[in-house]
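A.B. asks: This is what each chain is made of:
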Amino acid sequence: MSDRVVGGYTIDVDLLYDGERHVWLLILGEGRARVGMDPLGVETMGDVVQMYLQEPGVALNRGAAFGTIEAAKFVGPLTMPVSGTILTNNQAVASDPGLLTRDPFGEGWLIEIEPSDPAEFDLLVRGEEQVVEWFESKVRDYGAKGMLAE
Amino acid sequence: MIEHWRLLQHDGAEAARGLAVDEALMSGYGRGSTSMPAPSLRLYTYATHCALVGRYQNVEAEVDLAACERTGTQVGRRPTGGGAIIMGESQLGVAFVSRAPAERPKDLIKTYAKGIVRGLAELGIEATFRGKNDLEVGGRKIAGLGLYLDEHGALLFHSSILADLDIEFMLEVLRIPAAKLGDKAIDAVSDRVTTVTRETGVSYSATELRSVIAVGFEKEFGVSLFSVDLTDTETKRADVLERTRYSDPGWVFQRSPSPDRQGTAAFKTPEGFVRVHIALENGVIKSVLFTGDFNELPEALVRAESALRWVRLDPERVSAIVETALGGDEVLQISSEKIVQAVLEAGERASTRDLAHPDRQGSCYFPEVG
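Order-wise, the sequence lines are chains Y and W.
Residue 15 in the numbering used here sits at position 15 of the first sequence; the count goes up by one each step and never skips.
Residue 233 in the numbering used here sits at position 233 of the second sequence; the count goes up by one each step and never skips.
Possibly wrong hints are sitting among the right ones.
As the list claims (entries may be wrong) - Listing some non-contacts, in silico: residues in chain Y with all C-beta distances to chain W over 12 angstroms: (1) D3; (2) V5; (3) G8; (4) E20; (5) G57; (6) A94.
Said to hold, decoys possible - Once the Cα atoms are required to be at most 35 angstroms apart in a straight line, the calculated DSBU-like pairs of lysine-lysine come out as: (7) K114(W) x K219(W); (8) K219(W) x K145(Y); (9) K106(W) x K338(W); (10) K268(W) x K219(W); (11) K219(W) x K110(W); (12) K338(W) x K184(W); (13) K268(W) x K184(W); (14) K145(Y) x K268(W); (15) K145(Y) x K236(W); (16) K114(W) x K268(W); (17) K106(W) x K219(W); (18) K145(Y) x K184(W).
Simulated from the structure, these hints should not be mistaken for lab results.
Keep in mind that this is a model prediction, so the values were computed, not measured.
Every residue, glycine too, gets a C-beta built ideally from N, C-alpha and C.
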């Protein structure tokens, strides 16, 4: 794990990121990967009060919802960064969504999956330089739109 | 060239049908759609009456099912969040559906609420956005707002505008513990909720309000609305959703993964005791209510109630929000610190309390008192 502070946020630059949905992917090896949400995604949603995560065994395509969240009356999907089958979900974060804010790369992880198409990894933002550049641009963009903490 | 949006008008929708149609409209706006229709605005009413709970609420906690049976009230679950509401001929349902712009959800709610604000302005009602998802007039809620984004990138903005409201009926059907508030229950709701009828002094039904809200959307967004019916595809999609989701007891009666917890704390003022009631969900304040012996609920406390909703129970944030809401006023001749302390104490009690009453959550308008 390599943490760097980018635009005021601590992020792990070793992970792969879905550039639009702010979902990260950690390849654990042996056909297993962990999925979570990055701090920018968490911040733009607001305080999450409820979270539902799909059960293990469900196979989903990239972009399909593996769960839903409720934050301040907004209900929205949590979407797969790559296609795969859910192996386990994090009950700790489902019962305490505050973990998303407190530890987005650690205890706040969401699900673990068996990716079905490793070629999809190439669709994600990866590599320290690219991750930093992408994240900085998002922070700038969201800041300009007034989407970050008031 | 002026943009045209679709306008759909329905009346007396059954609970499951009304909700199914809203979601069916979304199917045309996903990223996979090859020909995206113009945005859709649906202005409609439900059959009198329907009790609709929020996405993650427990039905048994929110509505008195025996009272629903007795009064013929249908029960449904919305895809959007928030609290339980009563819908019928006196409440106008608003559903705006389009492709979701890349904006923060809370900003999207504010954006589309402007159509309603503009419409109400046509009647001389000055509504303002309050907290994260309410429209208020003079400190009283007149419309609730909600947002649902699906995985395909479509957006559903929901609102319920109170043309009128039978508070007594609401207290009967929604599980508001009137027994604990006794004869103060109606007054307490009246202090916090208003209607178009009350604000204008003219009796309004939701259907009478519809054209006004349509004009509000046209003026606010500079578009022209044209009336349409559901397409065959939308109708078929609504049929499926009605059958497989919104009429399915598995959807309507699903259990929330994490129910609310309630806590209270009291503080003394020169004017008597004030009690703060809090409903906490996963560490986030879902509702706050101040009750006491005051003749009139101080406006600053109403502001604080609203501002504290959907905020994590964090001492610094609670303190800052209460300070701002009070605006330097000394409410009931006591310091803001005392109010902050009581809010935190009630929250702490809620968070550590065993789920002795795990099913009680309180309504959109009014949290549990206990």
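A.B. asks: The structure should be examined with respect to each hint, and the outcome stated for every one.
C.D. replies: Structure-based check of all given hints:
{"no.": "1", "hint": "D3", "result": "24 angstroms, holds"}
{"no.": "2", "hint": "V5", "result": "22 angstroms, holds"}
{"no.": "3", "hint": "G8", "result": "17 angstroms, holds"}
{"no.": "4", "hint": "E20", "result": "8 angstroms, violated"}
{"no.": "5", "hint": "G57", "result": "18 angstroms, holds"}
{"no.": "6", "hint": "A94", "result": "6 angstroms, violated"}
{"no.": "7", "hint": "K114(W) x K219(W)", "result": "10 angstroms, holds"}
{"no.": "8", "hint": "K219(W) x K145(Y)", "result": "24 angstroms, holds"}
{"no.": "9", "hint": "K106(W) x K338(W)", "result": "30 angstroms, holds"}
{"no.": "10", "hint": "K268(W) x K219(W)", "result": "49 angstroms, violated"}
{"no.": "11", "hint": "K219(W) x K110(W)", "result": "16 angstroms, holds"}
{"no.": "12", "hint": "K338(W) x K184(W)", "result": "25 angstroms, holds"}
{"no.": "13", "hint": "K268(W) x K184(W)", "result": "20 angstroms, holds"}
{"no.": "14", "hint": "K145(Y) x K268(W)", "result": "44 angstroms, violated"}
{"no.": "15", "hint": "K145(Y) x K236(W)", "result": "39 angstroms, violated"}
{"no.": "16", "hint": "K114(W) x K268(W)", "result": "40 angstroms, violated"}
{"no.": "17", "hint": "K106(W) x K219(W)", "result": "22 angstroms, holds"}
{"no.": "18", "hint": "K145(Y) x K184(W)", "result": "45 angstroms, violated"}
This entry does not satisfy hints 4, 6, 10, 14, 15, 16 and 18, going by the numbered hints stated previously.
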